[in-house]
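Visitor: Residue-level listing of the chains:
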Amino acid sequence: MIEIKNINKTFGDRHVVQNVSFQFHQGKTNLIIGESGCGKTTILKLMVGLHPVDSGSVFYEGQDFPKLDEKGQQEIRKKIGMLFQGGALFDSQTLEENVRFPLDMFTDFSKEEKLERVNFCLQKVKLDGKNKLYPAELSGGMKKRASLARAIANSPKYLFCDEPNSGLDPKTSLIIDELIQNLTIEFNMTTIIVTHDMNSVVGIGDNIMFVHKGQNWWTGDKTQILNKSNQELFDFVFASEFMKKVYKGLHQAQ
Amino acid sequence: MKPLYYIGQYFMLMRLVFKKPQKYRVYLRQIIFEIDNIGISSLPIVAIISVFMGGIITIQAAFGFESPWVPIYAVGFTARESVVLEFSSTILCLILAGKVGSNIASEIGAMRITEQIDALEIMGINSASYLIFPKVAAAVLIFPFLTAISMFLGIYGGYVMGVSAEACTPYQYIYGIQYSFQPWKLYYAFTKTIVFAVIITSVSSYCGYYTKGGALEVGRSSTNAVVYSSILILLFAVIITNLFFNH
Ligand SMILES: Nc1ncnc2c1ncn2[C@@H]1O[C@H](COP(=O)(O)OP(=O)(O)OP(=O)(O)O)[C@@H](O)[C@H]1O
Ligand SMILES: [Mg+2]
Numbered sequence: 014m015i016e017i018k019n020i021n022k023t024f025g026d027r028h029v030v031q032n033v034s035f036q037f038h039q040g041k042t043n044l045i046i047g048e049s050g051c052g053k054t055t056i057l058k059l060m061v062g063l064h065p066v067d068s069g070s071v072f073y074e075g076q077d078f079p080k081l082d083e084k085g086q087q088e089i090r091k092k093i094g095m096l097f098q099g100g101a102l103f104d105s106q107t108l109e110e111n112v113r114f115p116l117d118m119f120t121d122f123s124k125e126e127k128l129e130r131v132n133f134c135l136q137k138v139k140l141d142g143k144n145k146l147y148p149a150e151l152s153g154g155m156k157k158r159a160s161l162a163r164a165i166a167n168s169p170k171y172l173f174c175d176e177p178n179s180g181l182d183p184k185t186s187l188i189i190d191e192l193i194q195n196l197t198i199e200f201n202m203t204t205i206i207v208t209h210d211m212n213s214v215v216g217i218g219d220n221i222m223f224v225h226k227g228q229n230w231w232t233g234d235k236t237q238i239l240n241k242s243n244q245e246l247f248d249f250v251f252a253s254e255f256m257k258k259v260y261k262g263l264h265q266a267q
Numbered sequence: 002m003k004p005l006y007y008i009g010q011y012f013m014l015m016r017l018v019f020k021k022p023q024k025y026r027v028y029l030r031q032i033i034f035e036i037d038n039i040g041i042s043s044l045p046i047v048a049i050i051s052v053f054m055g056g057i058i059t060i061q062a063a064f065g066f067e068s069p070w071v072p073i074y075a076v077g078f079t080a081r082e083s084v085v086l087e088f089s090s091t092i093l094c095l096i097l098a099g100k101v102g103s104n105i106a107s108e109i110g111a112m113r114i115t116e117q118i119d120a121l122e123i124m125g126i127n128s129a130s131y132l133i134f135p136k137v138a139a140a141v142l143i144f145p146f147l148t149a150i151s152m153f154l155g156i157y158g159g160y161v162m163g164v165s166a167e168a169c170t171p172y173q174y175i176y177g178i179q180y181s182f183q184p185w186k187l188y189y190a191f192t193k194t195i196v197f198a199v200i201i202t203s204v205s206s207y208c209g210y211y212t213k214g215g216a217l218e219v220g221r222s223s224t225n226a227v228v229y230s231s232i233l234i235l236l237f238a239v240i241i242t243n244l245f246f247n248h
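So the protein lines, in turn, are chains A and B.
Its first residue numbered 14, the first sequence is counted upward by one per residue in the numbering used here.
Its first residue numbered 2, the second sequence is counted upward by one per residue in the numbering used here.
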């Protein structure tokens with residue numbers, strides 16, 4: 014379990030994250046949702062220490078991450094897998110080398126064991142056989158999936174995904190969502206997903222935090238989110254014509 | 002106060018770079034890769050420039066000495082002194098600062114802006130050490146070889162040019178390059194090379210590592226890398242020369 018308590022972050026004079034607190038549960042897919050620019054990525058980066066917090070705590074099983082020394086932080090990070098919004102694959106390495114990288118660094122697996130693990134991960138994201146391609150030779154969606162393969166390579170305990178299915182077609186998007194959910198349950202990971210895709214929200218939203226203007230505006234799960242709890246959330250969830258129809262449908266049924 | 006801030010930031014980065022490696026096997030692989038990337042790939046330019054500069058120095062010496070009192074073998078002597086003392090260490094490293102320095106800064110800068118460095122950090126890897134240490138180590142190992150090759154080719158270029166322009170006989174040239182040889186001048190040259198190797202790789206890495214923004218800034222980092230390494234090379238050339246000559 015990861016718990017954030019009253020975290021704050023300012024960039025210059027902009028207070029981008031304001032007193033955000035939330036609990037992310039183990040074995041669940043925890044979602045951070047909100048409109049573009051509301052601070053979702055920043056919250057994620059604060060949690061893993063890529064930006065230092067101005068104030069507040071990030072507890073990994075009770076250990077306050079920002080207060081740990083470098084060694085302690087590295088120990089926790091070894092248990093983190095992260096999928097970046099832009100992929101962040103290593104350009105100079107092939108797909109196989111990218112996925113194998115965490116294994117090279119932190120395990121004593123033999124060559125064969127590593128290859129087996131790499132192929133297992135690539136197959137999970139449906140990139141099997143693409144081992145020798147370089148990131149520049151992959152499409153945007155393939156990069157996302159490759160990045161996910163790398164994130165899960167070393168069986169992380171915590172999985173962070175920044176918009177895992179933006180730029181993917183609806184079907185692949187669903188597959189990725191399901192994949193992340195299955196992995197979360199299978200390996201009992203604490204998974205945190207940043208998204209603004211409503212399909213993901215109603216599909217895998219076990220535990221949702223809605224962020225608005227850098228604040229924790231609403232929390233709940235995928236069924237609660239369909240009720241009109243407050244105006245900002247309602248505007249966000251039912252922005253599209255399609256979702257408006259869904260809302261009408263729900264109300265006629267009642 | 003800005004320069005002090007940068008100097009501090011540079012040394013903080015170097016403290017991270019020279020931490021104990023997390024996985025020796027991976028570092029060894031990286032060092033071998035960088036030896037090829039930084040060193041071997043620079044061989045052609047080093048060879049071409051050395052041969053030509055050796056030749057040019059010889060011709061200038063041969064036809065520049067007007068006085069009949071200067072013996073002809075002085076041509077070889079001059080070529081050797083210029084190549085060993087200055088060309089194959091300082092000038093060569095200035096050229097390598099352009100080639101290797103800009104390459105390193107843009108590579109690391111691009112990794113920074115595309116979050117690849119963040120990805121390393123997230124995995125619990127000391128990104129500064131993983132990215133920079135192998136480059137510094139590789140340069141320290143391979144630059145002396147480049148210098149040695151450059152010395153040889155420079156003097157050889159002088160020989161070919163001097164003899165073919167009939168400025169001296171082969172015997173006179175060879176007598177000249179052996180005349181009054183002092184081994185400490187080689188120590189001086191190689192000391193410079195090793196110091197410059199550290200300067201080029203670490204300063205360029207520093208410029209790349211702290212890139213902020215986008216592609217434009219990567220270009221700027223790469224320019225900065227060349228400018229700052231060149232200035233520091235000249236500064237340290239002065240310091241080292243004083244240490245060796247002025248005692
Ligand atoms: N390194 C930075 N320096 C300055 N400002 C930043 C930085 N990173 C983010 N911001 C600002 O913080 C705010 C929140 O950005 P963030 O990337 O967290 O948004 P987001 O919710 O992830 O948006 P999106 O859904 O578009 O990815 C934005 O206004 C952005 O301009
Ligand atoms: Mg974002």
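Quick caveat, the hints were computed from the structure, so don't treat them as lab data.
Among these hints, one or two may not hold up.
Said to hold, decoys possible - Okay, the calculated beta carbon distance ranges per label pair:
#	chain 1	residue 1	chain 2	residue 2	range
1	A	L187	B	I195	49 to 59 Å
2	A	L128	B	P171	18 to 28 Å
3	B	Y211	A	L187	36 to 46 Å
4	A	Q106	B	E167	29 to 39 Å
Don't be surprised by glycine CBs; every beta carbon is placed ideally from N, CA and C.
Visitor: If a hint holds in the structure, say so; if it doesn't, say that too.
Guide: Status of the hints after comparison with the structure:
1. Range check, L187(A) to I195(B): Cβ separation about 58 Å, and the 49 to 59 Å hint holds.
2. Checking the proposed 18 to 28 Å range against L128(A) and P171(B) shows it is violated: the Cβ atoms sit about 59 Å from each other.
3. A hinted range of 36 to 46 Å holds for the C-beta pair Y211(B) and L187(A), which are about 41 Å apart.
4. For the hinted restraint 29 to 39 Å between Q106(A) and E167(B), the CB-CB distance of approximately 56 Å leaves it violated.
The structure does not agree with the numbered hints 2, 4 stated previously, though it agrees with the rest.
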